[in-house]
Amino acid sequence: MSLSVSGAVRAVGRVRNADLIRFARAAASGNRLRTSLLVLAMAIGVAAVVVLTALGDGARRYVLNEFSSIGSNLVIVLPGRSQTGGFNPGNAITSTPRDLTIDDAQALLRASAVHRVAPLAVGTSEISFGGKLREVIVAGTTADFLEVRRLSLAQGRFLPAGDWRRGASEAVIGAKVRDEMFGREEALGQLVRIGDRRFRIVGVLAATGQGLGMNTDELVVVPVSLAQAMFNSNTLFRILVEASNREAIEAAKTQVGEIVRLRHEGEQDVTIITQDAVLATFDRLLGALTLAVAGIAAISLGVAGILVMNVMLVSVTQRTAEIGLLKALGATGGTIRNAFLTEAAMLSIAGALLGFVLGQAGAAIIRQLYPAFPAFPPDWAVLAGLATALATGIVFGVLPARRAARLDAVQALAKR
Amino acid sequence: MATALIELVGIERTFHRGDSEVHALRHLNVRIAAGEYVAVMGPSGSGKSTLLNLLGLLDRPDAGSYHLEGRDVTTLSADQQAHVRSARIGFVFQSFHLVPRLTAAENIALPMVLAGVAPAERALRVARALRDYGLENRADHRPEQLSGGQRQRVAIARATIMRPALILADEPTGNLDRATGEDVIRLLEELNRGGVTLIVVTHDGGLGARAHRQLLMEDGALHDDRWRRAELSA
Ligand SMILES: Nc1ncnc2c1ncn2[C@@H]1O[C@H](COP(=O)(O)OP(=O)(O)O)[C@@H](O)[C@H]1O
Ligand SMILES: [Mg+2]
Numbered sequence: 021m022s023l024s025v026s027g028a029v030r031a032v033g034r035v036r037n038a039d040l041i042r043f044a045r046a047a048a049s050g051n052r053l054r055t056s057l058l059v060l061a062m063a064i065g066v067a068a069v070v071v072l073t074a075l076g077d078g079a080r081r082y083v084l085n086e087f088s089s090i091g092s093n094l095v096i097v098l099p100g101r102s103q104t105g106g107f108n109p110g111n112a113i114t115s116t117p118r119d120l121t122i123d124d125a126q127a128l129l130r131a132s133a134v135h136r137v138a139p140l141a142v143g144t145s146e147i148s149f150g151g152k153l154r155e156v157i158v159a160g161t162t163a164d165f166l167e168v169r170r171l172s173l174a175q176g177r178f179l180p181a182g183d184w185r186r187g188a189s190e191a192v193i194g195a196k197v198r199d200e201m202f203g204r205e206e207a208l209g210q211l212v213r214i215g216d217r218r219f220r221i222v223g224v225l226a227a228t229g230q231g232l233g234m235n236t237d238e239l240v241v242v243p244v245s246l247a248q249a250m251f252n253s254n255t256l257f258r259i260l261v262e263a264s265n266r267e268a269i270e271a272a273k274t275q276v277g278e279i280v281r282l283r284h285e286g287e288q289d290v291t292i293i294t295q296d297a298v299l300a301t302f303d304r305l306l307g308a309l310t311l312a313v314a315g316i317a318a319i320s321l322g323v324a325g326i327l328v329m330n331v332m333l334v335s336v337t338q339r340t341a342e343i344g345l346l347k348a349l350g351a352t353g354g355t356i357r358n359a360f361l362t363e364a365a366m367l368s369i370a371g372a373l374l375g376f377v378l379g380q381a382g383a384a385i386i387r388q389l390y391p392a393f394p395a396f397p398p399d400w401a402v403l404a405g406l407a408t409a410l411a412t413g414i415v416f417g418v419l420p421a422r423r424a425a426r427l428d429a430v431q432a433l434a435k436r
Numbered sequence: 204m205a206t207a208l209i210e211l212v213g214i215e216r217t218f219h220r221g222d223s224e225v226h227a228l229r230h231l232n233v234r235i236a237a238g239e240y241v242a243v244m245g246p247s248g249s250g251k252s253t254l255l256n257l258l259g260l261l262d263r264p265d266a267g268s269y270h271l272e273g274r275d276v277t278t279l280s281a282d283q284q285a286h287v288r289s290a291r292i293g294f295v296f297q298s299f300h301l302v303p304r305l306t307a308a309e310n311i312a313l314p315m316v317l318a319g320v321a322p323a324e325r326a327l328r329v330a331r332a333l334r335d336y337g338l339e340n341r342a343d344h345r346p347e348q349l350s351g352g353q354r355q356r357v358a359i360a361r362a363t364i365m366r367p368a369l370i371l372a373d374e375p376t377g378n379l380d381r382a383t384g385e386d387v388i389r390l391l392e393e394l395n396r397g398g399v400t401l402i403v404v405t406h407d408g409g410l411g412a413r414a415h416r417q418l419l420m421e422d423g424a425l426h427d428d429r430w431r432r433a434e435l436s437a
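Residue numbers (the numbering used here), protein chains in the order written: chain V, 21 to 436; chain F, 204 to 437.
Hints in this document: simulated from the structure, not taken from any laboratory.
Just to be clear, a hint being listed does not mean it is correct.
[To be verified] Computed Cβ-Cβ distance ranges for the label pairs, DEER-style:
id	chain 1	residue 1	chain 2	residue 2	range
1	F	Glu347	V	Thr337	17 to 23 Å
2	F	Asp422	V	Arg45	46 to 52 Å
3	V	Ala31	F	Asp422	38 to 44 Å
4	F	Gly408	V	Arg426	35 to 41 Å
5	F	Glu392	V	Thr337	35 to 41 Å
6	F	Asp343	V	Lys435	23 to 29 Å
7	V	Ala46	F	Asp422	39 to 45 Å
[What the hints assert, rightly or not] Over 10 Å on every C-beta distance to chain F, these chain V residues come out as not near it, computed from the model:
id	residue
8	Phe43
9	Ala312
10	Ile319
No residue lacks a Cβ here, since even glycine has one placed at the ideal position from N, Cα and C.
Can you make the complete structure from the sequences, with help from the hints?
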């Protein structure tokens with residue numbers, strides 16, 4: 021105890037942190053409407069960050085997953101040259117300057133870095149059986165297609181290996197085609213009409229569900245030579261090349277490019293894309309999208325911050341007499357500033373935590389509704405969201421807290 | 204002669220409102236010894252509250268010096284003045300100024316919370332204060348659940364909880380009926396008998412006459428400074 025003015029000047033202690041927090045909590049719960057509004061605004065901001073980044077990052081992962089399921093170590097040859105040499109979705113529909121042929125595809129097998137090659141000719145046609153008629157996508161390819169695309173069979177066998185220029189009239193159908201054409205009947209061994217030709221069903225592909233690119237459930241796979249005859253063309257839509265291993269992808273790309281160039285009179289008139297390049301492009305694209313979405317969501321946190329400031333300013337005005345009293349009772353300006361800052365920080369933390377819970381719940385609901393969609397918010401976004409909420413709360417709490425600390429005690433006490 | 208608890212020399216306080224000036228305090232010289240019981244009286248607007256705020260370090264004079272316990276307190280920083288208020292001065296207000304969301308016990312503990320007194324020590328002193336002021340079964344009541352007299356007793360308990368040397372009361376009975384007001388004054392007088400210096404601003408001539416000394420203010424100046432005869436002869 022200080023027994024004199026001089027003693028007091030030296031010896032009076034500071035408010036304990038626990039008391040500061042208790043005081044701020046009491047002040048916050050003293051005005052429930054104000055407090056819940058603030059917490060809600062902050063929570064909405066954080067929840068928006070969590071849910072929107074979960075969507076953005078979920079989209080990124082979804083695309084990556086889909087591409088990985090197409091096949092690994094994949095090098096794809098497309099007719100026509102793209103300017104950038106990178107992946108460009110427009111390539112899929114540009115006209116072809118010089119066609120890719122089955123001979124081109126077969127020549128690629130010579131490359132040392134190449135493990136398997138599957139030519140692909142694609143068109144639409146009609147399949148009919150027992151009076152039922154259905155439009156299907158016909159993929160003309162060879163035996164290795166199954167391995168290159170990492171597909172599996174539900175029934176029967178795939179196209180047999182053999183001369184690519186000749187093929188038996190055998191077809192492998194997708195799961196959905198099987199269900200719709202045959203229902204409960206046995207599909208294997210049945211003779212169907214595709215276009216104006218007859219094929220025997222030798223296998224059924226395992227169902228893969230909706231995915232990016234070609235949906236194999238609605239596919240009918242036939243030997244490439246028969247498909248070309250059916251479409252009256254000798255060109256290929258794609259050549260799928262599987263490199264020997266992951267490290268060989270770049271070498272395979274170079275070798276494939278060289279072989280095709282030699283076969284096409286020295287002209288580099290095809291586009292060769294690797295799955296890695298596609299993935300990297302999508303990864304960058306969707307990563308940027310997630311970041312942009314997080315930025316937009318962060319704006320709502322800024323709005324919440326301004327709300328914090330206004331609500332705390334109103335609170336300072338409403339509690340002017342109390343501030344004057346605290347000063348009379350020996351509170352320093354610093355103590356009063358800390359009390360208001362603590363309150364702003366506590367409200368922000370409460371809002372951020374509530375928003376975190378709401379956001380995670382929202383992401384979980386999205387995953388429930390769309391099980392294929394991995395809507396998990398990335399850790400960086402969650403941390404950034406929480407940190408931004410806390411920082412805005414405190415930064416926007418500074419002005420009201422300083423105003424409170426600077427109030428003139430006599431005038432403040434006179435306020436009622 | 205012992206050093207005075209309070210020594211005001213040449214105090215001036217002027218308020219500016221628009222282009223008009225109000226001399227709230229003019230050339231004030233006052234000495235008050237430790238343990239005195241002083242009533243500050245005078246018509247409304249004569250500067251009584253301004254004087255009390257100045258003595259309580261809530262306001263600074265424009266000129267003159269203020270020594271408290273021998274130390275020139277006008278030169279202290281704002282934080283140092285806050286510490287002096289915390290340890291040496293207790294305030295009692297006409298409108299009680301209790302924090303509405305805090306209980307009686309919490310209101311009484313507030314000065315100790317602000318001074319960083321440990322919770323165990325706080326609980327002990329609050330319990331004793333509640334007993335001393337007959338508020339044991341009002342400890343958990345909020346101000347709105349208390350009568351005017353009880354509120355002022357909570358305020359007095361709060362003003363004394365840090366064991367100050369000086370209690371400043373600005374019209375402490377102004378919002379109370381006569382009987383309750385006398386109870387409150389008796390409590391304050393009891394504190395003064397215990398050694399605390401008591402300065403009370405009052406309109407009420409009867410209450411003022413109970414003090415050992417009356418300072419009569421008029422238009423910001425000290426008009427009269429009277430000691431009660433009993434006090435002089437003592
Ligand atoms: N903050 C202020 N601004 C302007 N004038 C003030 C202020 N405070 C007090 N006054 C003026 O100073 C004079 C003394 O006021 P005050 O000390 O409150 O008187 P009392 O308490 O004796 O009624 C009055 O004329 C009052 O209007
Ligand atoms: Mg007054």
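Evaluation of the provided hints:
Checked against the given bound of 17 to 23 Å, the beta carbons of F:Glu347 and V:Thr337, roughly 21 Å apart, stay inside it. Checked against the given bound of 46 to 52 Å, the beta carbons of F:Asp422 and V:Arg45, roughly 48 Å apart, stay inside it. The hint said 38 to 44 Å for the Cβ distance between V:Ala31 and F:Asp422, and at roughly 40 Å that hint holds. Look at F:Gly408 against V:Arg426: about 40 Å separates their beta carbons, and that is inside 35 to 41 Å.
Between F:Glu392 and V:Thr337, the C-beta spacing of about 38 Å keeps the proposed range 35 to 41 Å intact. Between F:Asp343 and V:Lys435 the C-beta distance comes to about 28 Å, which sits within the given range of 23 to 29 Å. Look at V:Ala46 against F:Asp422: about 44 Å separates their beta carbons, and that is inside 39 to 45 Å. For V:Phe43, the non-interface assignment is contradicted: its Cβ lies about 7 Å from the closest Cβ of chain F, within the 10 Å cut-off.
The Cβ of V:Ala312 lies farther than 10 Å from every Cβ of chain F, with a closest approach of about 44 Å, so its non-interface assignment holds. Under the 10 Å C-beta cut-off, the non-interface status given to V:Ile319 relative to chain F holds; the minimum distance is some 35 Å.
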